[in-house]
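So the sequence lines, in the order shown, correspond to chains A and B.
Each step along the first sequence adds one to the number in our numbering, with nothing skipped, and position 178 is 178.
Each step along the second sequence adds one to the number in our numbering, with nothing skipped, and position 512 is 974.
A few of these clues could be false.
Reference listing, derived: stretches of chain B covered by chain A, where coverage requires no fewer than 3 residues with Cβ under 8 Å from a Cβ of chain A [stated by the list, open to error]:
1. 507 to 521
2. 909 to 919
3. 928 to 935
These are computed hints drawn from the structure, not numbers from a lab.
From the three backbone atoms N, C-alpha and C, an ideal C-beta is built for every residue, glycine too.
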Amino acid sequence: MADADEPEKKRRRVVELTEKMVVDGGDGHNCEWEGRWNHVKKFLERSGPFTHPDFEPSTESLQFMLDTCKILVIGAGGLGCELLKDLALSGFHNIHVVDMDTIDVSNLNRQFLFRGKDVGRPKADVAADFINSRIPGCCVIPHFKKIQDLDETFYRQFHIIVCGLDSVVARRWMNGMLLSLLVYDDGVLDPGSIIPLIDGGTEGFKGNARVILPGMTACIDCTLELYPPQVNFPMCTIASMPRLPEHCIEYARMLLWPKEKPFGDGVVLDGDDPEHIQWVYQRSLERAAEFNITGVTYRLTQGVVKRIIPAVASTNAVIAAACATEVFKIASSAFIPLNNYMVFNDVDGLYTYTFEAERKENCSACSQVPLDMHFSPTSKLQEVLDYLTESASLQMKSPAITATVEGKNKTLYLQSVASIEQRTRPNLSKTLKELGLADRQELAVADVTTPQTMLFRLCFTS
Amino acid sequence: DTMAATKASKEQKYDRQLRLWGDHGQETLENAHVCLINATATGTEILKNLVLPGTQMWRCVSDDAAGEDENIRAQAATELLQELNSDVSGNFVEESPDKLLDNDPEFFHRFTIVIGVQLPESTCLRLGSVLWSAAVPFLVCKTYGLIGYMRLVVQEHTVIESHPDNALEDLRLDQPFAEFKNHIQSYDLDSMDKKDHSHTPWIIVVAKYLEKWLSEHNGQPPKNYNEKEAFRQCIREGILKNENGVPEDEENFEEAIKNVNTALNPTKVPSAVEDLFNSVQCNDITSQTLSFWVMLRAVKEFVLNEGNGSLPVRGTIPDMIADSQKFINLQNVYRQKAMQDAATVSKHVECLLQSFGKFIPNCGYLCWCLGKNASFLRVVRCRSLAEEYSVDSVNKDEITSCMDNPDSEMVFYLMLRAVDRFYQQHSRYPGVYNYQVEDDINKLKLCVNNLLQEYSLNVNIKDDYIHEFCRYGAAEPHTVAAFLGGSAAQEAIKIISHQFVPFSNTFIYNAMSQTSATLQL
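Working from the sequences, and respecting the hints, build out all of it.
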């Protein structure tokens with residue numbers, strides 16, 4: 001057996017090498033060592049038969065990646081931690097990371113930049129600290145913010161943006177932001193205004209990675225059907241005929257909590273508060289007992305209340321790695337990027353499927369022409385609202401609709417400000433004709449799913 | 463109480479993965495001994511993805527041939543990895559695998575799995591042989607330029623909980639068991655009030671209309687598209703109508719109509735399971751036979767006797783429109799039958815082991831688990847490396863048929879074999895230094911031709927790939943290492959936990975095109 005006494009010389013060398021791998025503060029220029037970027041240089045300084053047509057071997061590409069190339073990582077969670085590590089170790093030393101969350105114990109099985117002592121601290125901050133202190137020369141700048149809190153001037157500075165998000169709404173917003181940065185000269189897209197977007201997603205043992213060139217290739221909204229809306233249980237099942245333990249849990253969450261206000265008036269159910277979950281769990285057990293339903297557990301209760309998606313380190317590692325490879329390819333032109341969507345599943349063996357997602361001609365985000373919507377003049381505004389929220393290709397959350405009526409800009413309906421909601425609510429039961437809308441007129445719709453207002457053209461059917 | 467506190471905090475930390483493989487799966491990880499050879503970028507990524515989910519006991523062996531720095535890197539990596547997850551403890555063995563094979567090959571016998579990274583061919587084959595004899599699973603991994611390679615070497619790996627993505631339901635509508643028949647009898651659709659009629663589970667609706675159909679069609683169920691359409695129409699006509707003759711809104715009937723196709727699937731033992739029933743291990747039970755095969759044989763006995771040709775009832779039904787009581791009662795009919803069948807299987811197990819004076823602990827529970835998964839049992843068998851590499855048993859068919867497409871991932875397998883040959887001849891890999899690249903292309907081409915000739919492989923490898931592999935210069939780029947790190951770790955977890963199905967037996971990842979393939983070699 002080989003782990004007996006360590007010779008002193010060996011021990012000193014271990015400490016030395018550990019220090020190389022774990023360094024306090026790196027200021028960039030005097031922390032390179034012989035052979036550090038050998039792996040990377042082979043792809044930047046050598047020609048080859050499979051490189052991108054634009055590729056030219058050069059010793060300057062490495063310097064570009066190290067000194068100049070700016071990458072934005074969105075999300076510092078399961079994918080984000082892996083992305084930061086992969087990018088930093090691949091030669092990208094100017095990275096920004098945005099994440100609005102703080103660290104939870106349940107993150108620690110995969111978000112490896114965090115430790116038990118970091119619970120409660122902002123993910124972006126801790127992730128940046130870890131990378132900056134371990135990878136000499138790398139500078140990660142954290143932003144403990146929502147993506148919507150940052151503006152055009154912020155996003156415009158990046159060469160490539162990589163997303164490791166867990167929300168379709170956020171993805172669509174990011175997608176919309178990059179589309180809004182596109183510049184058209186006489187109808188021709190200026191390639192300099194394109195910021196490539198690499199998007200990764202995981203769920204259990206499944207994942208996907210895609211490359212989006214805004215204005216050129218399929219965008220998030222072009223393939224919205226790939227993200228089917230979350231299915232909720234029907235209210236009548238929850239309220240009067242539960243069959244599954246999940247129905248009992250939703251009953252406690254949606255009906256009992258607002259009625260009984262167990263922790264006080266106005267106290268919202270917090271899925272991260274064990275006392276709250278315990279309360280829901282007990283009530284769910286009672287409900288289940290009434291109907292002879294088995295299977296309510298604390299773990300299931302938490303899963304339903306928080307809409308938990310199972311997650312492991314391995315899937316995140318795989319998808320983040322694929323995304324980081326694409327960042328490298330695009331930054332270096334060393335190879336042709338993924339065109340443009342890869343799906344991964346390792347439930348049974350390992351399965352990947354790569355295909356080219358196509359642009360949708362009438363995409364609500366990137367097609368640049370107002371979308372037609374067809375309604376009879378006697379349709380109620382509520383029907384228009386339902387179309388915007390329920391259509392598989394739009395999936396809006398709480399659209400605000402405005403239109404120009406008799407020369408003036410009129411808010412037809414807006415949900416997010418209480419006073420305006422109250423004032424405009426009666427409009428929902430009025431017909432489009434009653435609201436003064438004309439055939440072929442434009443409606444402007446704003447929603448959380450997009451940073452820009454979307455234009456629709458109202459086409460009256462007879 | 464610190465033990466309870468530790469358990470609670472572990473449950474919190476591992477919550478997201480416990481929802482995938484359960485507490486029993488987690489336990490296998492925490493009891494496993496993993497051996498990783500070579501803490502390169504790929505090796506440390508694999509280990510990180512095992513340590514994070516809680517693999518507690520691991521050893522990292524370094525390859526002397528890689529140089530002293532490599533040794534020390536392994537030790538440093540070990541220290542960092544230990545810090546990664548405070549629950550685990552690993553250590554570092556400063557000895558090359560070749561030396562261990564020379565002096566102490568039994569060192570490797572204690573491991574649940576051995577993972578070898580960036581191993582030269584000779585070491586790999588030697589190790590493969592030792593592990594094959596000791597029946598220790600061996601996972602070979604290599605990152606070479608933009609190519610990732612994995613080879614699983616395991617004689618026989620059994621999986622009860624395969625967790626298939628799309629499993630068909632086990633409803634027995636074509637051959638209702640007695641308790642199910644009685645339950646169906648207890649319903650009289652024609653005499654029900656509207657509320658009950660609209661909240662009767664679709665399974666009952668289909669069963670009732672099927673009874674009627676069978677009596678009118680000589681006991682023959684609907685078989686082709688036209689008959690199934692007619693059957694759907696019968697059900698549709700059963701929807702209640704209001705006083706104006708307009709059909710009411712009966713969602714349960716719509717569900718019945720929608721599910722006719724799958725509901726009429728005949729119940730039968732899947733051919734994959736039949737194959738397992740026919741295998742030697744299942745039929746020759748000895749005192750050494752593994753539990754899996756004893757239980758499988760018990761299932762076979764059940765199928766031949768009490769099951770009347772069918773597997774034990776699975777016992778689950780999907781959710782459907784129904785009032786609580788009707789649904790729960792129906793669900794209980796299936797559940798109770800499943801428990802009964804599992805108990806019968808358990809008795810068969812006892813019988814089989816009686817003559818050896820053995821028993822399986824927790825047998826009742828295990829048989830119930832087996833019954834739930836009987837349709838999806840899997841056994842993975844991979845050939846030994848010796849068989850893959852032998853001229854007599856090389857899988858020529860697989861290689862030549864894949865290479866009909868000269869750009870198939872198979873070309874990367876052949877190139878990896880060729881660079882191994884190059885290493886044997888020149889004690890280095892091609893193109894490591896810039897000045898070597900051009901000359902090495904020809905040298906590598908000779909190795910390629912030599913390889914194809916030795917195995918009589920009539921395939922053509924494009925010069926572009928030979929050039930590209932010289933360009934790679936045996937680089938281990940981090941993003942490719944990380945992709946392989948995630949993939950390999952999960953395969954190792956499958957081997958350790960016996961849940962989900964491992965690949966068999968060669969996996970190639972191409973980071974240039976973001977494609978992959980699984981090959982049988």
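Each hint tested on the structure:
With a cut-off of 8 Å between beta carbons, the segment 507 to 521 of chain B has 6 residues touching chain A; three or more are needed, and the interface restraint holds. Counting residues of the segment 909 to 919 of chain B whose CB lies closer than 8 Å to any CB of chain A gives 0, which falls below the minimum of 3, so the coverage claim is violated. Closer than 8 Å: that is the beta-carbon criterion, and the segment 928 to 935 of chain B has 5 residues meeting it against chain A, so the requirement of 3 holds.
Checked against the numbered hints listed earlier, the structure breaks hint 2 alone; every other hint is satisfied.
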